[in-house]
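A.B. asks: These protein sequences, in sequence, are chains Z and G.
The letter at position 588 of the first sequence is residue 588 when you use our numbering, and the numbering goes up by one with no holes.
Whatever position you read off the second sequence (first residue = 1), add 1000 for our numbering.
These are calculated hints, taken from the structure and not from any lab test.
You may find that some hints are simply not true.
Think about it this way: if two alpha-carbon atoms lie no more than 16 Å apart in a straight line, the pair counts; the simulated EDC-like pairs of lysine to aspartate or glutamate are [stated by the list, open to error]: (1) Lys1172/G - Asp1055/G; (2) Lys232/Z - Asp688/Z; (3) Lys661/Z - Asp529/Z; (4) Lys509/Z - Asp529/Z; (5) Lys1066/G - Asp516/Z; (6) Lys509/Z - Asp490/Z; (7) Lys684/Z - Asp1014/G; (8) Lys621/Z - Glu472/Z; (9) Lys77/Z - Asp1042/G.
Some chain Z residues well away from chain G (every beta-carbon gap over 10 Å; in silico) [what the hints assert, rightly or not]: (10) Leu26; (11) Met66; (12) Tyr88; (13) Leu92; (14) Trp180; (15) Cys251; (16) Cys374; (17) Phe379; (18) Gly492; (19) Lys509; (20) Pro635; (21) Met678.
The beta carbon of each residue, even a glycine, is placed where N, CA and C say it ideally should be.
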Amino acid sequence: MSGPSDFQPSNPALKWIERRLPIFGLIHSSFVAYPTPRNLNYWWTFGAILSMMLGLQILTGVILAMHYTPHADLAFKSVELIVRDVNYGWLLRNMHACGASMFFFAVYIHMFRGLYYGSYKEPREVLWILGVIIYLLMMATGFMGYVLPWGQMSFWGATVITNLFSAVPYFGESIVTLLWGGYSVGNPTLNRFFSLHYLLPFVIAGVVVLHIWALHVAGQNNPAGVEPKTEKDTVPFTPYATIKDAFGVSCFLIFFAWFIFYMPNYLGDADNYIPANPGVTPAHIVPEWYYLPFYAILRSIPNKLAGVVAMFSAIIILCFLPWLDSARTRSSKYRPLAKQFFWIFVVVCILLGYLGSQPPEGIYVIAGRILTVCYFAYFLIVLPLLARIETPRPVPNSIADDVLAKSKGRAATAASVMLAMVVAGSLLVGGTQNAKAEEGGDNPPAQSWSFSGPFGKYDRGSLQRGLKVYKEVCSACHSLNYVAFRNLADPGGPGYSEAQAAAFASEYKIKDGPNDQGEMFERPGRTADYFPAPFPNEQAAAAANGGKAPPDLSLMAKARSYKRGFPQFVFDFFTQYQEQGPDYVDAILQGFEDKPPAGVTVPDGTYYNKYFPGHAIKMPKPLSDGQVTFDDGSPATVKQYAHDVTTFLMWAAEPHMEARKRIGMQVFFFLVVFAILMYFTKRKVWADAH
Amino acid sequence: MTTASSADHPTRRDFLFVATGAAAAVGAAATVWPLVAQMNPDAATIAAGAPIQVDLAPIAEGQDIKVFWRGKPIYISHRTKKQIQEAQSVALSSLPDPQPDSARVKAGHDQWLVVIGICTHLGCIPIAHEGNYDGFFCPCHGSQYDSSGRIRQGPAPANLAVPPYAFLSDTKIQIG
Ligand code: FES
């Protein structure tokens, strides 16, 4: 992409093609011979990491689309079927869902890197603006992708975000109706979002090509911020940059795999495991963590239109960065003041992200306003001002000089890596599980579960006892729609044989039909059947239960959570704590108290539960000692019942957890070995360059 | 680009490159596996392909029904005396895909022909009771099958396949 190449393939067949389409010359000049500054640090590998992530998202996305159904009635279910039934579907979905977060994580590092080293300055303005366009497209794609599972957060996220456009004067309502394709978010909305979510990544890929083209015309910036002058300042892209990028990618994959295999729900929201319900808004609507800073800006402005304008301006302002910052020195390394303000700006962004995840009340609103001002001040006041008043330190004469000087200062690199880790940790701030049991419910005590941690496995005995509790108690009111009898014999499940599962199924009466006479009939269950629901429809379930239908239990253990709070959620990342759901379910089952504590009254038709948000739960105390007898002599106590049925529900929510952790371990082992190999290979290759 | 300085350790260097390359190849292959395996039928589809039972009692002589198993149409024909007679008497040497009628029905249940109703040419569904052989006629490209579901004429290369099935009683079969 940097002009005609004199490269000639030696193979006659390739030569023949080359004469007609000089594609090998293009590849050679762009990705082999292309001179890259020799002083690039690892922050520059994020370009390659992002390319890989885009490729991976498109690949897994195309595959998921083979199994996904974009229909309001079927979307949620089809996602569950992908995770439960499709071969490696759980893996593909985790890769795609966590991949979106990783993509944004990498793009933020990439952007901050550009900001720090002045990569947007002349002659790279167009390169930078193309990057901002990619970022905008990513936000749109990510948002529409999040809508597709059609859970509660999907639905309400779609509602809130599309309503942003209603702030437009005069045309607002019409624009929103146009976006929805209806009077509210519904099936047409889902359909078009699916279509666009499939389209936009290819648009991104197209703009990425322009981005790389512009990059190859202007040449890469580098940590010293001085342009290469002689041959000595650069090394050929292959093998030097290629191998370094590959090492960077393999390290990034380790980080990525941690989420895919061990923390797949860490960055998600438990509410999205509840199917979309247009009649109930979740207590806290929070976008995905990567939108949180902008969400905070939106909320800190009390006027609707102004808020929306501020939010979009916060992104659009990036386009003007090359002109707002007119300082001649590129790299902040040589700008003592700009460097400090850069880090302050990073902290401002992280804090805004944190505020975005908090309820908009009290101190959070004030803090949000102050930080919003700081955010814009950085671009509109600090940068233009610094360009005029700051005296930069002298920049090195050439890149080669910079390399020589750097070989003395290794410690700085270590420090910046440390810093990166801290930033990485804090960036995840916003993504942490949101308050569920927040309003007036005690936090459930953390239990010890056999399935927690990297080697966790379900306790078979507990699963079997839990199944018994479900069958004899819970199933009177609660359905288990996504679990089939055949699952009882699946590996990693309760450990029944096919025959036992078939016998279990045959005890159930399943409605089938219509037969040749057009009539519905009942027959004994087969393994392919799903657990039958206790009520024919939601209205019947609600009518029989005091006006509120008992929720389906298939995903209960993942659809409930509670606030872990700071700094607990940071530790959770490292300890792989993922059991908020089970802790909560277990606590609810044990949290009933016959008499509310003095001074507390619960409305009629509700019962006092210590751990339920608001304490007044519609479900009467379901379990009491001695209610279910276990064949294996386990104690017939509520504590035991609660523990077992929760284990069972965790399995029902995540039947492939054991495979996930087992494969995760293998992948981890491989990736670590591979990264080590890559590291030494990279050193060997670069040994020649120094 | 990569020459002199490490030429003193050629073997160790080569080993490292080969090991890294091999690891990358293994990783790539292992990654491709789930990406391809996902295209196979999912667990629900496989479970839905379980054996089915069909009651034969309502099918009168000379009649046939079509049932579906694993998404495939299965013809169950209650053959007439004449059809059985024809199927048994034809000379095997005259058949493109020679198979005696006894190999295509269950012993003692000569009147029941159970075949997968998918033309062995290119997959269309032949029409029962049509064609010159008292069997099936495929409208797509004119293949003709006899009363034993054997190919007699036309482009199809093989007889209609017989699905796995067994008689549970005289009037009930289980397919699959
Ligand atoms: S498909 Fe039946 S004859 Fe071609």
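A.B. asks: A separate judgement is required for each hint: does it hold in the structure or not?
C.D. replies: Here is how each hint holds up against the structure:
1. Under the criterion of a C-alpha separation no larger than 16 Å, the hint pairing Lys1172/G with Asp1055/G is consistent with the structure, at around 5 Å.
2. Only pairs whose Cα atoms come within 16 Å are accepted, and Lys232/Z paired with Asp688/Z is accepted, the gap being roughly 13 Å.
3. Taken as a hint, the Lys661/Z and Asp529/Z pair is broken in the structure, with Cα atoms around 28 Å apart against an allowance of 16 Å.
4. The hinted pair formed by Lys509/Z and Asp529/Z meets the criterion: a straight-line CA distance of about 10 Å does not exceed 16 Å.
5. Simply put, Lys1066/G and Asp516/Z have alpha-carbon atoms about 12 Å apart, close enough for the 16 Å limit, and the pair holds.
6. The straight-line distance between the Cα atoms of Lys509/Z and Asp490/Z is roughly 22 Å, outside the 16 Å bound, and the hint therefore fails.
7. The straight-line distance between the Cα atoms of Lys684/Z and Asp1014/G is roughly 10 Å, inside the 16 Å bound, and the hint therefore holds.
8. A hinted pair counts as satisfied when its Cα atoms are at most 16 Å apart, and Lys621/Z with Glu472/Z qualifies at roughly 15 Å.
9. Simply put, Lys77/Z and Asp1042/G have alpha-carbon atoms about 14 Å apart, close enough for the 16 Å limit, and the pair holds.
10. Every beta carbon of chain G lies more than 10 Å from that of Leu26/Z, the smallest distance being close to 20 Å; the non-interface claim holds.
11. Its beta-carbon lying about 7 Å from the closest one in chain G, Met66/Z breaks the requirement of being farther than 10 Å from that chain.
12. Once the 10 Å rule is applied to beta carbons, Tyr88/Z is inconsistent with being away from chain G; the minimum gap is 4 Å.
13. Leu92/Z, annotated as away from the interface, has a beta carbon of chain G within 10 Å; the closest lies near 6 Å.
14. Trp180/Z, annotated as away from the interface, keeps every beta carbon of chain G farther than 10 Å; the closest lies near 32 Å.
15. Separation of Cys251/Z from chain G is adequate, the least Cβ-Cβ distance of about 14 Å exceeding the 10 Å criterion.
16. Cys374/Z, annotated as away from the interface, keeps every beta carbon of chain G farther than 10 Å; the closest lies near 43 Å.
17. Residue placement check: Phe379/Z keeps its beta carbon more than 10 Å from all beta carbons of chain G (closest about 41 Å).
18. The Cβ of Gly492/Z lies farther than 10 Å from every Cβ of chain G, with a closest approach of about 13 Å, so its non-interface assignment holds.
19. In this structure Lys509/Z is separated from chain G by more than 10 Å, as the shortest Cβ-Cβ distance comes to about 17 Å.
20. Under the 10 Å C-beta cut-off, the non-interface status given to Pro635/Z relative to chain G holds; the minimum distance is some 35 Å.
21. For Met678/Z, the non-interface assignment is contradicted: its Cβ lies about 6 Å from the closest Cβ of chain G, within the 10 Å cut-off.
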